[in-house]
Each structure stands twice: as C-alpha cells, then as structure tokens.
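Using the sequences provided together with the hints, build the complete structure.
Chains A and B, in that order, are what the protein sequence lines are.
The first sequence: position 346 = 346 (this note's numbering), numbered continuously.
The second sequence: position 7 = 7 (this note's numbering), numbered continuously.
In short, the hints are calculated from the structure, not lab data.
Note that the coordinates shown come from a computational prediction; the quantities given were computed from them, not determined experimentally.
We put the beta carbon where it would ideally sit given N, CA and C, even for glycine.
It is possible that some hints are incorrect.
Now the in silico label distances, taken between C-beta atoms and shown as ranges [claimed, not checked]:
#	chain 1	residue 1	chain 2	residue 2	range
1	A	15	B	113	52 to 58 Å
2	B	101	A	187	39 to 45 Å
3	A	197	B	289	46 to 52 Å
4	B	18	A	186	57 to 63 Å
5	A	33	B	130	47 to 53 Å
6	A	124	B	16	55 to 61 Å
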Amino acid sequence: MADNAVKRNAPTPWTDGASAPLIHFEGISKRFGDFVAVDHVDLAIYPGEFFSLLGASGCGKTTLLRMLAGFETPTGGRILIDGVDMTGIPPYERPVNMMFQSYALFPHMSVEDNIAFGLKQDGLAKAVIRDKVARSLDLVQMSRFAGRKPHQLSGGQRQRVALARCLAKEPKVVLLDEPLAALDKKLREQTQLELVNIQDRVGITFVMVTHDQGEAMTMSSRIGLMNAGRIEQVGSPVEIYEYPGSRFVADFIGAANMFEGTVKGGGGRLAIACPELAHDLEVAHADPLPAGSAVTVMVRPEKMMISRDKPEAGLNWAEGVVADIAYLGDVSIYHVRLTSGRKVQALQTNLRHTEEQRLTWDDAVHLSWHPANALVLTR
Amino acid sequence: MKAVSGRAGRFLVGLAPYAWLVLFFLIPFLIVFKISLSEARMGIPPYMPLVEWADGAVAQWHISLAGYGALFSDDLYALAYLSSLRLAAIATIGCLLLGYPAAYAIARSPGHVRQPLLMLVALPFWTSFLIRVYAWIGILKNEGLLNMALQALGIIDEPLQILETDWAVSIGMIYSYLPFMILPLYATLEKMDLSLLEAAADLGCKPFKAFLAVTLPLSMPGIIAGSMLVFIPAVGEFVIPDLLGGPDTLMIGKVLWAEFFDNRDWPAASAVAVAMLVVLVVPIMAFQHFETKRAEREG
Ligand SMILES: Nc1ncnc2c1ncn2[C@@H]1O[C@H](COP(=O)(O)OP(=O)(O)O)[C@@H](O)[C@H]1O
Ligand SMILES: [Mg+2]
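This is the structure:
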C-alpha cells in the first residue's frame with residue numbers, strides 16, 4: 001500500500017502556481033509543405049514529471065518531441081528549456097537526451113562505448129567516464145553485457161542500453177519516443193513499471209511519446225492528449241479519464257457511453273432532455289449552462305449498474321435488453337440495446353464464483369447511474 | 001523429365017557459375033601456368049611442349065624454371081612490380097579522396113536526384129575506354145587544353161610536362177577507376193541509418209566529429225570494396241600507362257606486353273603473369289578474410 005501511495009502523494013507543481021516550468025512550448029507549430037503536423041501547441045512541463053504525449057499515429061507527437069531535441073525547426077513559436085530559448089540551438093548543445101524509437105545504438109561500438117560516447121563529448125576524465133558508465137549500466141541492470149555489441153543483445157536489452165546512454169549524461173530532460181513499442185506484451189508491462197522506478201530514482205524529467213493509452217495511464221504524472229497536431233487536453237491520468245474535456249478525449253481514453261441532449265435547466269445539477277431516453281437525465285455540473293444548450297452526457301461503462309430490478313429513486317436509468325456479453329473472467333461487459341435501438345456498454349466485476357441470477361442474453365435489464373458519475377460535455 | 005526439372009535442374013543451375021569459372025578462368029590460368037614452365041624456343045608456338053612421347057612410349061619431360069629465373073635475374077621485374085603497386089596505390093588513394101565526397105553527396109541528396117546522379121557516374125561507360133584515355137592525351141599534352149588554360153591564366157609560363165610521366169598515368173587511372181570507387185561507397189553510405197547521426201548529435205557530438213566517429217567506421221566495408229575494385233585492376237593496367245606514360249613508366253602490364261610481343265619469350269611472359277596473379281591474389285585473400293570476420297562480428 002505504502003508503495004502505491006508514493007505516486008499519489010507526489011508533488012503536483014503544475015497546480016501550485018509557484019513552480020517554473022522546465023519545458024515551455026509557446027505557440028509551437030510545424031508545417032511540412034502544406035501539411036500542418038503540429039498546430040499552435042502551448043504546453044508547460046515541470047521538473048521531475050513523467051509526461052506523456054498520447055495520441056493516434058500521425059497526430060504529431062514525434063514531431064513535437066523532435067522539435068524539443070532540436071532535430072526539427074519549428075515554423076512558429078518557441079521552446080524554452082529551463083528558461084532558455086532553444087531557437088537556433090543545435091541538438092548537440094541542448095540539455096536533453098533522446099531515446100530513439102529504433103534505439104539508434106552505434107552498431108560498431110560495444111555497449112560500454114555506446115554509453116561512454118556522450119560522456120566523451122563532454123571531455124570528462126577517463127576515470128569519471130568509467131565510473132558513470134558503470135553506474136548507468138548498473139541502473140538498467142546491464143553490467144554483465146558491457147562488452148557486447150548491440151547485435152548480440154535482445155530487443156529488451158537494447159532498449160535498456162539506449163536508456164542507459166540517455167541517462168549517463170544526466171540531462172535535464174530525457175525524451176522517449178515509443179520506448180516500449182518494440183517489446184512484446186509481457187516484457188512491455190514489466191518495463192513500464194521499471195521505467196517509472198528508474199525515473200523516480202534519477203529524478204530526471206521524462207517526456208514520453210506513446211500511442212498506447214494503457215502505457216500512458218500507467219506511467220505518467222500527466223498526459224498531453226494530442227489530436228491532429230493540437231493538444232486536446234492536459235491532465236493527470238485520473239483527470240483525463242474521469243473528467244475528459246471533450247467528446248474526443250472521452251472517446252479516445254477508455255470506453256464511453258454518450259447521450260446527446262438539450263439542457264432544460266437547473267443549477268449545480270442540470271436536467272437534460274435526451275430524445276433517446278424515456279426520461280430526463282440529471283447530471284452534476286458546476287458551471288451553469290443556459291437552457292437549450294446542446295450537450296453530450298457521458299457515462300463510463302463501469303459507472304453503470306445493471307440489474308433486472310427497477311433502480312432506486314434519485315438515479316438516472318435506462319431500459320433495454322442484453323444483446324451481447326463479453327465475459328473476461330474478472331469482469332463482464334454487457335452490451336445492452338436500449339429501446340431506441342442504441343447499444344450501451346456496462347461493466348461489472350464478477351464478485352462471486354457463481355451468481356444465482358447471472359444475466360444472460362435477451363434479459364430485460366435496467367441500467368442506472370448516479371448523477372455525480374456522469375459528465376456533461378459541451379465540445 | 002520431371003525429376004530432371006526438379007533437384008537435378010537446381011543442381012545444374014548451381015553448377016553454372018562454377019562451370020563458367022573453370023572454363024574461362026581456371027583453364028586459361030592452367031595453360032598460362034603450363035607455358036611458364038616450358039622451355040622457350042624459336043618457332044610456332046614459341047615454346048617446347050612439356051612432355052614429349054619419344055618412340056610412342058617413353059615420356060620425356062621438358063620442365064624449365066627459366067621463365068621464373070628471369071624474374072629474379074633481372075631487377076626490371078621487381079622494379080616493375082613495385083612501380084605497379086605504387087601507381088595502383090596512388091590511384092586508389094586518389095579515387096578514395098575524390099570518390100568519398102562524391103558518394104557521400106549522392107547518398108545524402110534528395111531521393112529524386114540520386115538516380116540521375118548515379119547515372120552520371122556510370123555515364124562514361126557508354127563511351128569506349130580507349131577513346132576516353134586518348135582524350136586525356138589531348139588534355140594533358142604540352143600544347144593541350146590543361147597547359148593552354150594554365151598559361152592563359154598566367155599561372156605558368158612554360159608548359160608543364162605531364163604527359164608521358166607517372167603523373168599522367170595516375171590521373172588517367174584515377175579518372176578511369178573512379179566509378180568503381182563511388183558505387184560501392186554509395187551503396188554503404190546510402191543504407192546507413194541516419195538516426196545514428198541524430199543520436200550522435202543528441203549526445204553532444206558536432207557534425208564533423210560524428211562523421212569521423214560514426215559515418216566513417218560504418219562505411220569501412222564500402223571503402224574496402226571500392227579500394228579492392230580499383231587497386232586490383234590498376235596493378236595490372238596496360239592501356240593507361242601505354243598511352244599516357246612515358247618510356248620511364250614501369251608497369252608490370254607493359255613488361256608483360258613487351259615479353260609476349262616484342263621478345264616473344266612466352267615462358268618468361270607467362271611467369272610474369274603468374275607472379276602478378278600471386279601479387280593480386282594476396283590482397284583479394286586479405287579482403288575476403290576481413291569481410292568474413294566483419295560479417296561474423298556484425299552477425
Ligand atoms: N519530415 C517530414 N516530412 C513530411 N511530413 C512529415 C515529416 N515528418 C512527419 N511528417 C508528417 O507529420 C505527421 C506527424 O508525424 P509524427 O509526428 O511522426 O506522428 P506521430 O509520432 O504522432 O505518429 C504525419 O502525418 C507525418 O506524415
Ligand atoms: Mg511517432
């Protein structure tokens with residue numbers, strides 16, 4: 001328990017207003033010819049963060065990262081690292097190190113020489129270099145392989161060497177482009193936690209690019225969700241999942257049931273008329289919205305209770321029949337067809353071995369959820 | 001029929017290159033080797049048969065090492081070998097110095113201009129080699145284009161004697177063999193993973209240092225292949241020293257020619273040829289050795 005609590009109690013410098021960001025993207029854009037790959041990104045990343053840029057393939061994540069490393073020149077805006085404007089500063093003078101998606105280990109050099117390469121550029125003394133190389137290798141548990149060439153290593157080992165090579169220079173920021181994409185599933189899950197542990201130990205700010213939402217959720221202090229060159233939302237994994245700011249985010253992260261509706265009125269709790277449902281929905285919402293506004297009500301599948309009985313008063317509910325059941329062992333996902341014909345997902349934990357009244361296909365059911373567990377989306 | 005088209009067919013196809021090598025390389029070499037061991041004589045052919053069958057039964061051997069003896073008795077041969085190696089080395093280094101930047105520039109140019117540039121490198125092959133070497137006489141001779149241009153620019157007063165010197169031979173060989181250097185170099189440079197250079201820059205390495213630390217070592221296979229392709233034929237080159245060189249230009253190809261056609265001493269000429277093969281086989285073996293070792297290392 002104590003171990004799990006570490007991350008939760010970690011400082012959140014982005015909320016306290018006093019901390020200065022380590023990395024500041026100010027209106028950064030990048031076009032390739034007519035194509036806009038990155039579109040006016042404003043983003044602040046704070047010291048010690050594990051920040052993930054998450055988004056579908058082609059949305060501009062790598063381009064943003066490469067501008068930070070200095071491999072691409074922004075066509076607009078500027079990037080500050082530790083308060084210093086990086087415009088015109090070549091990659092070899094930036095205080096960042098990148099772990100490439102292909103790892104880009106030098107094939108003609110041993111593991112040791114690969115890691116020493118960056119340190120030699122700094123003109124450090126031989127003994128210091130040897131010491132730092134040994135420590136980096138130890139950190140990623142690759143000391144035994146110091147003399148090997150990259151081609152004599154497995155994919156996972158190469159990934160560790162690439163990481164060690166970044167960390168050896170003790171940069172202000174480590175950039176990781178899909179660091180785990182080339183690993184198989186099991187190794188990937190192990191490595192996720194290990195990477196977070198290493199980052200915790202060295203205390204260097206990590207900026208990671210990934211298209212895997214599970215990876216981003218597991219590893220990050222905050223996530224920047226990207227869509228078509230723009231940052232759609234920035235927030236902690238919990239914020240992004242529980243309070244998505246838009247339909248796109250709600251849809252991208254996890255599964256979401258969405259009902260289109262119109263605000264009828266109310267403050268603190270909105271009453272929303274949904275043509276798809278037999279009755280009005282009640283949703284907790286802090287900001288007042290004028291009556292008549294078109295909104296979307298979003299409910300996550302696990303926040304929907306499913307049962308044959310009529311729900312108690314005060315809950316939102318919908319009626320339907322079970323159309324499909326995905327039994328996953330720990331949980332089951334019920335696809336319920338509403339009277340309107342729409343399908344809605346509800347997720348339930350399978351708490352007991354045997355359920356006397358296990359739901360089955362074509363059962364008539366009620367779905368219900370608490371007003372506080374739904375969300376009103378206006379974009 | 002079916003069985004033949006299957007395994008036997010594959011076997012025959014696999015055999016074809018060996019048959020080619022045996023027919024056109026091994027057999028001619030054995031003939032030359034045989035002549036090199038024969039006794040010279042006046043007549044046609046200008047050497048004795050190795051074995052004579054006297055009275056139909058008794059074999060009479062006529063083996064002579066005089067051809068090889070000549071190689072050592074006259075230091076002309078040793079000097080010619082050394083001079084050939086020296087000129088071939090100059091040609092190789094010259095090709096490397098000119099060819100590397102050219103190959104590098106082509107490999108790093110945008111995709112759509114690479115093919116036209118490679119075509120330009122191969123373009124000279126469309127014209128006869130002999131004519132291209134002749135053209136160099138027009139450029140290099142005392143009243144040739146180069147001297148006229150230098151004089152017109154006021155850089156020199158008297159024409160430079162370039163033609164009929166080793167300079168002209170070196171220039172001719174560098175010119176002729178340059179494509180053989182550029183093409184293998186291009187092949188290795190083109191397939192190099194450019195993210196390695198980004199990684200080097202990322203780790204604090206400036207571009208020129210990154211070239212020395214990453215690009216150069218990784219292009220070593222191309223450097224070696226190109227150097228072999230230039231050096232080996234350059235050692236045995238005959239046409240270029242004959243046309244561009246002077247009476248003092250000593251190259252083994254010229255000695256070979258003189259031995260065959262002027263002296264009509266076929267055994268001695270064959271011995272020179274066999275010795276030249278040995279001089280050339282050594283670097284080839286070294287090359288092969290290096291290549292297999294590298295392949296083992298890189299996996
Ligand atoms: N050098 C380039 N030239 C032209 N288009 C590019 C270049 N690099 C990236 N792009 C385009 O920019 C978009 C974003 O690319 P990228 O940042 O690699 O996406 P991601 O990493 O999110 O998958 C893609 O559509 C890609 O085709
Ligand atoms: Mg990418």
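Tested hints:
1. A/15 x B/113: 52 to 58 Å: 53 Å, holds
2. B/101 x A/187: 39 to 45 Å: Taking Cβ atoms as reference, residue 101 of chain B and residue 187 of chain A lie about 44 Å apart, which means the hint holds.
3. A/197 x B/289: 46 to 52 Å: 47 Å, holds
4. B/18 x A/186: 57 to 63 Å: Cβ of residue 18 of chain B to Cβ of residue 186 of chain A: about 49 Å, so the range 57 to 63 Å is violated.
5. A/33 x B/130: 47 to 53 Å: 49 Å, holds
6. A/124 x B/16: 55 to 61 Å: For residue 16 of chain B against residue 124 of chain A, whose Cβ atoms are near 59 Å apart, the range 55 to 61 Å holds.
Of the numbered hints given earlier, the model fails hint 4 alone.
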